[in-house]
Amino acid sequence: MSTEPASETQWREPDPPGSGVIPCVEAPAIPRETQLELLQLGLLQRLTEDRAMLLYRQGRIPGSYYTGRGQEAVGAAAGLCLGPDDVVAPLNRELSCHFARGVTVADVFRNFLARATGPTRGRDGNMHFGMPARGVFPLVSMLGVLCPVSVGAALAFKRRGEPRVALTFWGDGAMCTGDVHEGMNLAGVLDVPAVFVIQNNQYAYSTPTGREMVNTNIAERIEGGWSIPCQRVDGTDAIAAYAAIGEAVRRARDGDGPHAVEAFSLRMHGHAAHDDASYVPSELLDHFANRRDPIKRLRKRLELDGVPQSELDELHARVSDEVAEGLAEAERAPPADPDTIQDGVYAMPPSHA
Amino acid sequence: MSTEPASETQWREPDPPGSGVIPCVEAPAIPRETQLELLQLGLLQRLTEDRAMLLYRQGRIPGSYYTGRGQEAVGAAAGLCLGPDDVVAPLNRELSCHFARGVTVADVFRNFLARATGPTRGRDGNMHFGMPARGVFPLVSMLGVLCPVSVGAALAFKRRGEPRVALTFWGDGAMCTGDVHEGMNLAGVLDVPAVFVIQNNQYAYSTPTGREMVNTNIAERIEGGWSIPCQRVDGTDAIAAYAAIGEAVRRARDGDGPHAVEAFSLRMHGHAAHDDASYVPSELLDHFANRRDPIKRLRKRLELDGVPQSELDELHARVSDEVAEGLAEAERAPPADPDTIQDGVYAMPPSHA
Amino acid sequence: MSEITYLEAIRAALEDAMHEDERVFMLGEDIGHFGGPFGATKGLAETFGTDRIIDTPISEEGFVGAALGAAWMGERPIVELQFADFISCAFDPIVSVGAKTHWRSGIRFPVVIRAPFGGGIRGGPFHASCPEGWFVGVAGLKVVAPGTVEDAYGLLRSSIDDDDPVIYFEHKGLYRRLKGSRPTPATRTPIGKARVVQAGSDATIVTYGAGVDLARTATAATNGNGSSVEVVDLRTLWPFDEEAVLSSIDKTSRVLVLQEAARSTGAAGVVMSLISQHAFELLDAPAKLHAPVDTPVPFAPELEDAYLPSVDSLTAALDDLLSY
Amino acid sequence: MSEITYLEAIRAALEDAMHEDERVFMLGEDIGHFGGPFGATKGLAETFGTDRIIDTPISEEGFVGAALGAAWMGERPIVELQFADFISCAFDPIVSVGAKTHWRSGIRFPVVIRAPFGGGIRGGPFHASCPEGWFVGVAGLKVVAPGTVEDAYGLLRSSIDDDDPVIYFEHKGLYRRLKGSRPTPATRTPIGKARVVQAGSDATIVTYGAGVDLARTATAATNGNGSSVEVVDLRTLWPFDEEAVLSSIDKTSRVLVLQEAARSTGAAGVVMSLISQHAFELLDAPAKLHAPVDTPVPFAPELEDAYLPSVDSLTAALDDLLSY
Ligand SMILES: Cc1ncc(C[n+]2csc(CCOP(=O)(O)OP(=O)(O)O)c2C)c(N)n1
Ligand SMILES: Cc1ncc(C[n+]2csc(CCOP(=O)(O)OP(=O)(O)O)c2C)c(N)n1
Ligand SMILES: [Mg+2]
Ligand SMILES: [Mg+2]
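Residue numbers (my numbering), protein chains in the order written: chain A, 2 to 354; chain B, 2 to 354; chain C, 814 to 1137; chain D, 814 to 1137.
If a hint is listed, it holds; no wrong ones were tucked in.
No farther apart than 16 Å at their CA atoms in a straight line, the calculated lysine to aspartate or glutamate pairs in the EDC-like style are these:
1) K159/B / D257/B
2) K1101/C / E1094/D
3) K159/B / D255/B
4) K159/A / E835/C
5) K855/C / E828/C
6) K159/A / D864/C
7) K159/B / D864/D
8) K855/D / D276/A
9) K159/B / E835/D
10) K855/C / D276/B
These aren't lab readings, by the way, just hints derived from the structure by calculation.
Just so it is clear, the structure is predicted and the values come from calculations on it, not from any experiment.
Could you build all of it, start to finish, from the sequences and the hints given here?
If you want it as structure tokens, here you go:
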């Protein structure tokens, strides 16, 4: 038991010397195609969010705006590890996971722009949307609460003997909520196919992980406290994350009970658009930006593995177009309609007649 | 990490062969006087509860009735480990702890009998009372919630640099509540002088610990999950419990942060008076009744250490008289007064004038 | 048909629903072989197995959240709270997830939360309260509270059939007190519909839960005395049957709202709000609220008896109303 | 005296109270050097140190519980919730421990829970709600909601002085919108006392929070049109000033309750209940409730604007009331 907060910038061996981008791990067993898909999903998140941030600053996205910069690999990896019948509850930083499930750029922008035909019909904003038809649960802001909800989904699969898993994410900060304890404990006792991906991005809003908990090695805590196997993985390495989450998903699906993965990264933007994150040491940010950017790391790995620059540039261009087209499509969508505001409060409106 | 539920009847080495009462550990360092006090407190709980159970069955105690039979040693030990300025939040099974703080038998019966002059003035029943003047917080039924409350008391001590500790109890079942997670995590991060005594009595109502959690070694979980040092102790051994809780209290008081103790025992009655506990294997009950009754164990130790039978019998008789007198005193107390029911809803009633 | 109690009607509804629909299962503390603190699920684990009557750890937020998740996947879970009081521990998933998700996304949550509420059993501040008011008014939730054996069955079946989260407040004091014939498996009490339990012309009592029996008992005497009081059982507290309340007032021109929840909690607020907005021209006297004072539920028999509405206190309040 | 905003008044109250009383300290997420999501505690950590402005882990139940424990020991903690919406996550310690303990045992809890509530900032269902109704009516709790700069200061100071748990609902939409002179450190707004913000004779608006400014703005026009509307700011929502409400109605004979909370939630229930019981002989028209429909708060500007009471919607409602 370590009571010393782990150093925030480092979670295992020091990074290799040098100053260049650290490529993702080599993983010949993971098909090239999958690796390219990971890159594509990560890029989709990056470019969508970059575009959205601009729109936000122009005042065209109402409310607030959150990105998952620096964490794109985790959502992408989780999304690709799931099968079509699995379900997932992503949070704010996992736009790539939505894309992996088939949510489109236009869907996303329709939500950001609060359009009538968006996934929440303008009723909720930001990343607070799901896509029930694609097994994606809409984010609920109350941190932690989606843990027991996904455990319940996994329980349904177990009850019916279906080889499906329910996956959810939470952050280092949300790790402190009672719901996460109750949910993980329940998952263990009921032995359900739930997978938990903990995004340890070193901060909860302005609070570093070491002020959220004593032992910041979340994987160690989850194993020790809840007896749930938990692999700690480099969350800026899409390949490593894919391997770790894939194994967790496989084991859960195989009836081996709940599994967890702690993905270590850095939240490279402020908590939301209004937050300049001045509390994050700039060397830490620079280090991650220069050497541990998940998009660059994966691209570097693919380059090292012989994928031609041109192919990667083309991928980038394709994604960029997709974002532009998705946005254009979303902008053509009608605004939310106040006359419909009371529709759907109930699935079965009670008749008093 | 063990994912096998520990066997319910055993938590370390098997009990010594034979069929007789297993004496408490020898502890020459603990003054004889203290050991006798532990016995007295345990007996006070036992005889008060026995009497109350009779009253309950005669219909003279309203509502429901709970005992801590088999766990008397833990409350007594904790109570004696605390100094006069420390505070404590006991639950249902820790009547001996109330006694250690100076709560009287008459106080207790005045609460059970819902009298006007009882600690809650008839507003609450059973063990749902405290004695603020003696640093005893009144039980709140919502399991787990007293964990953060006592952490807050400990925070006050730390803020003011006072060498005081706040101690609370909870059960194996309550270990599963979100509040306990949030409270323990907070205690660790804020590094406050809180002491947690977990009464692992193998059951939460009808549910054995192995269905409450995967790893039933709660001490292991607390260290692994929350980085709080937690000693596992035989809760039917008053001497061992006193030593373990004493050390936790000392360390917490010395600025060493929160500490925990898991006291393993068996709830020897049903959850409450209406529950015959038929779900507890009778061999297990018999084993604890014959060999691990905390009162018998301590008495045996004192006998082995040379305390004359007569002295112990006299102690028993004294306690028995104290209970009878306390009850008689309580019975003379007036019934609760309906005209006062609204007094004290507010400490400062708002004046609308 | 044999007589059964209110509690047995609840058990029968659970049993019938589970026989008819594989998707129905239960989560709660000690509901398995033990049968729950009041025996509501006694025997169900033997019939349906512990995979359908699932004992959970003590984690109300956790298992209410899990019920919502299972419902998301098309199951129809029923959650038992040991006492309604502990609904405070499950508050967040109910109001944040249960209530808002369909409106936001179209996901349905056919979840029933059974919450044994109410006093008269010397439960004190933590085992006798009436917390329904926290949920009455919350968009997306439904709140029901049976006051008869038939509705104990019928409302529970309808709640299980319902695609929205329903909080089912069952009154502990009625568990063994009320008896009635065993409802047929087809019995349903429509959600959202009040019932005129007893017709009358001089005043209306709007009530629910234990108030229904109390209103009947108290007015048996009054009604003999030459006045005739109508009793409206809300049955569904939210969203409630405004029409039924107003049309009874239209008939009687006097109204008394009776509830066991403390007077500034419970369903009184929404009912009184309706009355003050829409019964202005119907009333010949101010509306009356008969409910306990605003304190927690006291434990001592002397206190609880004084606190709870009784035949005497209700009769006095009615006399007051009728003599205005 | 310099002009400050509603938000600055809150900060000033925190600062003055902490200067005057060592026992006052704060717990909350990101309230330290970061200053909280709205900057309410900006600079306080620098002045008072992070031992008095304590950043907590994300655990609302935990730190609200801890505040109660510290208050038990004689401290006077102030808790900040990032958004009032998250009060659902701290519900149990508030209603089970905070509300009931003094009545049961005499232990005092001088705790203030600051809850930024309300819409108009495109917060959507989880960052714009008005959850005060869950606490209005709960014996043992006090609920306040300032609608002016002076009360933002005065009510916060009084809440900190108070020996009972007080939930202080501060309106996010007013943070920077309202400006006023900096209250002196001696300023206190008495808890439990409403204020006639504007005298009038034709109708009474009973409101609180953002409703106060809205009522003033809307009636500025109306009042010019020959009718004169009295505006009563409840300030304390629970226990509230029944006298003030009734005596205004006595004067005007017409009443409209205005709130931003959905119409079946908020303070409307207790106010309407009072009116229907005690204003029967005072009223010349049915009481009116002007409040949003019963849905969560929608995100889209088009929806939120339609949902929230506005000058136009309030004016129309008043016209209605006055022309009855
Ligand atoms: C119960 C609750 N409390 C507070 C908040 C406000 N809040 C939103 S995100 C956040 C920080 C979350 O940190 P973490 O879990 O590490 O996730 P990250 O933002 O780093 O992805 C906070 C405090 C919330 N949404 N829910
Ligand atoms: C939040 C909550 N849920 C349920 C209950 C009902 N309840 C009272 S005691 C108990 C079992 C507690 O088990 P444990 O924590 O092991 O304590 P023990 O009774 O064994 O001392 C239950 C379920 C409660 N009091 N609080
Ligand atoms: Mg984080
Ligand atoms: Mg136990």
